[in-house]
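Numbering (our numbering), first residue to last: 1 to 180.
FYI, nobody ran anything at the bench for these hints, they're computed from the structure.
Bear in mind the structure is a predicted one, so any value in this text is a computation, not a measurement.
Glycine included, each C-beta is placed from N, C-alpha and C at the ideal position.
Honestly, I wouldn't trust all of these hints.
As the list claims (entries may be wrong) - If you anchor each label on the Cβ, the simulated ranges turn out as follows:
#, residue 1, residue 2, range
1, Gly61, Leu92, 18 to 28 Å
2, Leu141, Gly44, 19 to 29 Å
3, Val115, Asp52, 21 to 31 Å
4, Leu92, Ile177, 25 to 35 Å
5, Ser60, Gln151, 13 to 23 Å
6, Met155, Asn110, 44 to 54 Å
7, Gly61, Gly127, 40 to 50 Å
8, Val172, Ser114, 29 to 39 Å
9, Ile170, Ser114, 35 to 45 Å
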Amino acid sequence: NTNYTGLNLLVTYSATTTLNVPTTGNNSVTCGTNTILFDNGGRGAAYSPSIDGYTVLNCSGNGQINIRGTFYTESGWDYIRIYAGVGTGGTLLATYSGAGTTNTAGYTLNYTGSVGQALTVRFNSDGNTQYNGFELAAIYLANCVVPYQSQWISMNVGTTDWCAGEIRNITVTVKNIGSS
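Kindly generate the complete structure, drawing on both the sequences and the hints.
What follows is the structure, encoded as structure tokens:
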């Protein structure tokens, strides 16, 4: 467990992965993998100028993602954006930009997606001022497994005349028809 305190916000989480949002292009996180996201500079270092990359947080089934943490960016020029779905073609859900005047006091970000909704975190900066960026915990609030719902297809028990105490292997065929 890691405790992160910032601006009267205490976040407690268990994370198995850390990942930097790339300077260009993209990377992704498997559904259910709690992850600490950083800008390309990592913890405590400034991000690069003129970058534009994104990370996809995959989600399915009953999974739900909460993204929270702090950010320090050049206000009005460098942005963290959260999109619905995989990639930046989905609906823009939230935009964050800004920094404390000393580059040590940041703003907080706390966003929760819908159940089963993948989220994309995009970060872009201009070519001028760079700050310490962000540290965001992407936490899966529920299991990503799609609930199983079956449809009975057939059963084969062999011959219909069984003797008392006889043990048989039988074959049952079912079809997964999706979530319940």
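**Request:** Could you check the structure against the hints above and give me the numbers of any it violates, in ascending order?
**Result:** Checked against the structure, no hint fails, so every one of them is satisfied.
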